[in-house]
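**Student:** These are the residues of each chain, in order.
Protein chains: 2
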Amino acid sequence: MNKEDFFIKQISNSKYNGDDGAFIDGYVYSMDAFFENVHFKKDWMSLKQIAYKSMLVNISDAIAMNAKPKYALISVAIPNSYNENDLKALSSGFKKAAKEFDFEIVGGDTIENNKLDISITIISKTKEPKFRNSAKINDFICYTGKLGSCKKDLETLLNGKKIKKSSKFMTPVLKADFFYEAAKYVNASMDISDGLFLDLEKLSKASNIGFEFIKDIKEEVGISGEEYEILFSCSAKNLKKIEDIAKKHKVKINIFAKAIKGSYKSSFENHHFKN
Amino acid sequence: MNKEDFFIKQISNSKYNGDDGAFIDGYVYSMDAFFENVHFKKDWMSLKQIAYKSMLVNISDAIAMNAKPKYALISVAIPNSYNENDLKALSSGFKKAAKEFDFEIVGGDTIENNKLDISITIISKTKEPKFRNSAKINDFICYTGKLGSCKKDLETLLNGKKIKKSSKFMTPVLKADFFYEAAKYVNASMDISDGLFLDLEKLSKASNIGFEFIKDIKEEVGISGEEYEILFSCSAKNLKKIEDIAKKHKVKINIFAKAIKGSYKSSFENHHFKN
Numbered sequence: 001m002n003k004e005d006f007f008i009k010q011i012s013n014s015k016y017n018g019d020d021g022a023f024i025d026g027y028v029y030s031m032d033a034f035f036e037n038v039h040f041k042k043d044w045m046s047l048k049q050i051a052y053k054s055m056l057v058n059i060s061d062a063i064a065m066n067a068k069p070k071y072a073l074i075s076v077a078i079p080n081s082y083n084e085n086d087l088k089a090l091s092s093g094f095k096k097a098a099k100e101f102d103f104e105i106v107g108g109d110t111i112e113n114n115k116l117d118i119s120i121t122i123i124s125k126t127k128e129p130k131f132r133n134s135a136k137i138n139d140f141i142c143y144t145g146k147l148g149s150c151k152k153d154l155e156t157l158l159n160g161k162k163i164k165k166s167s168k169f170m171t172p173v174l175k176a177d178f179f180y181e182a183a184k185y186v187n188a189s190m191d192i193s194d195g196l197f198l199d200l201e202k203l204s205k206a207s208n209i210g211f212e213f214i215k216d217i218k219e220e221v222g223i224s225g226e227e228y229e230i231l232f233s234c235s236a237k238n239l240k241k242i243e244d245i246a247k248k249h250k251v252k253i254n255i256f257a258k259a260i261k262g263s264y265k266s267s268f269e270n271h272h273f274k275n
Numbered sequence: 001m002n003k004e005d006f007f008i009k010q011i012s013n014s015k016y017n018g019d020d021g022a023f024i025d026g027y028v029y030s031m032d033a034f035f036e037n038v039h040f041k042k043d044w045m046s047l048k049q050i051a052y053k054s055m056l057v058n059i060s061d062a063i064a065m066n067a068k069p070k071y072a073l074i075s076v077a078i079p080n081s082y083n084e085n086d087l088k089a090l091s092s093g094f095k096k097a098a099k100e101f102d103f104e105i106v107g108g109d110t111i112e113n114n115k116l117d118i119s120i121t122i123i124s125k126t127k128e129p130k131f132r133n134s135a136k137i138n139d140f141i142c143y144t145g146k147l148g149s150c151k152k153d154l155e156t157l158l159n160g161k162k163i164k165k166s167s168k169f170m171t172p173v174l175k176a177d178f179f180y181e182a183a184k185y186v187n188a189s190m191d192i193s194d195g196l197f198l199d200l201e202k203l204s205k206a207s208n209i210g211f212e213f214i215k216d217i218k219e220e221v222g223i224s225g226e227e228y229e230i231l232f233s234c235s236a237k238n239l240k241k242i243e244d245i246a247k248k249h250k251v252k253i254n255i256f257a258k259a260i261k262g263s264y265k266s267s268f269e270n271h272h273f274k275n
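Going line by line, the protein sequences match chains X and R. Numbered as in UniProt numbering, the first sequence ends at 275 without a single skipped number. Numbered as in UniProt numbering, the second sequence ends at 275 without a single skipped number.
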């Protein structure tokens, strides 16, 4: 067991834990950290891009649970060297996300620190939350978009080279409109943040299922983290409906496995960037 | 204007900002950071004490708004060097607070970092929230407890010396039971985190009032931060009721000013510890 899992187990056996967010009384509460030298290096992206991505990775949790962000709290630790323009750039990234996804920044905390460390709590609303624990035997297992580029781009950055501005590693491309429409046909869902293989392991554990792979998933696809695509399961009956909705929203759907009795364990470690 | 104020102004003109937490639909949402070398140094306190205090400073916001903590989200950045015992010590501090104040830790994030940085969001419930903007002319202005020791103890720590285990700087003493009973007689309230003078400035601004001091507040009392006492205002009529409740709970009440027309500006800077 890694330290993260150990700590989470220690700290809480809450029934609300285990999904991308905690669903309580119509709301989904999700919180994610986005820290310098842990999730990004400052010369990789502009301050606006950093702030914007820190929001997107949080919003991704809400979307994967079929919840719409309503409010955000932001705790930002800011280096003393930042000037007013830097602060403006940062806040413009936060505000961009709030505007785009139509929610309000209602509070938080600002402190001085040796590096830029952001933690965000998103409060989202949903009438029909989606969880990780409700995939059913014979469900098709699917993900949106294309996986693999984030790992490649991360490696490029770690090698001191530049990546394209359009890179999903720089700016995750969330599939909000598609998923809010498709969710009613979905049994279980979560976002792909740790990499498909590791996230499948979580889905397997939560839903108590194994997988029979229809398509071969290459290693560079399965261990690419921070993709923020949606991993979901649905019945054979609903698959066509979801495919139609995906087509309408120009979202690629990959049907790559079926849920079977059993369990699934990834043989790969967490591939988040660590300093 | 300091950078914190500038950034907060940039990021949000939400009507929910400006109190210890954001009151929305029966809930209060508050978020505070508790970072190594910003709020504490690791040789000052045990990991359990650090985790416990990080919770208390957040719960303090809820209490000051007359809200009862129900759920917490915790984002913890943990040094790689921490072993299982360290993680257990940390989580025991978080759990101690959750047990004592009867709320549930429902989620968050755990990452690896070069130092221990904690951000916490507390979700609290209240039927009668208290704000900073409702102090009225002629109100008495009061605070609970004794102010000054936290600044002294912080200085002692910064000088490399030890402080008592019973120090309020180590373990804030929240006046929850008193305030939940007294709140209905209170007009405006907030916790004292930046120091009485600076927090009075915030109260003045929010309620659009000035202060006529009944008692002289010494500098070492007025600029002592992280006290986590409650600053509140009440009518002359309600003062006696509040004093009776305070007596019952063995809480000291200091009546030190009256609200008058005008405004109040502290001549002191923020005295939070900065590295």
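Hint data in this document are derived by calculation from the structure and do not stem from the laboratory. These numbers come from a predicted model, not from an experiment. Misleading hints may appear alongside valid ones.
The list makes no distinction among identical chains, and a pair is therefore deemed to hold if it is satisfied within one copy or across any two copies.
Restricting the straight-line Cα-Cα distance to at most 20 Å, the calculated cross-link-like pairs of lysine to any residue (SDA-like) are [said to hold, decoys possible]:
1) K9 - N85
2) K241 - A89
3) K96 - F6
4) K68 - S46
5) K252 - T156
6) K42 - K115
7) K88 - K252
8) K115 - N37
9) K41 - P79
10) K68 - I24
11) K70 - K125
12) K250 - L239
13) K68 - D25
14) K152 - E220
15) K70 - D25
16) K250 - V38
17) K88 - N17
18) K95 - K161
19) K41 - N80
20) K205 - F256
**Student:** Okay, which hints does this one fail, numbers in order?
**Tutor:** 2, 4, 5, 7, 16, 18
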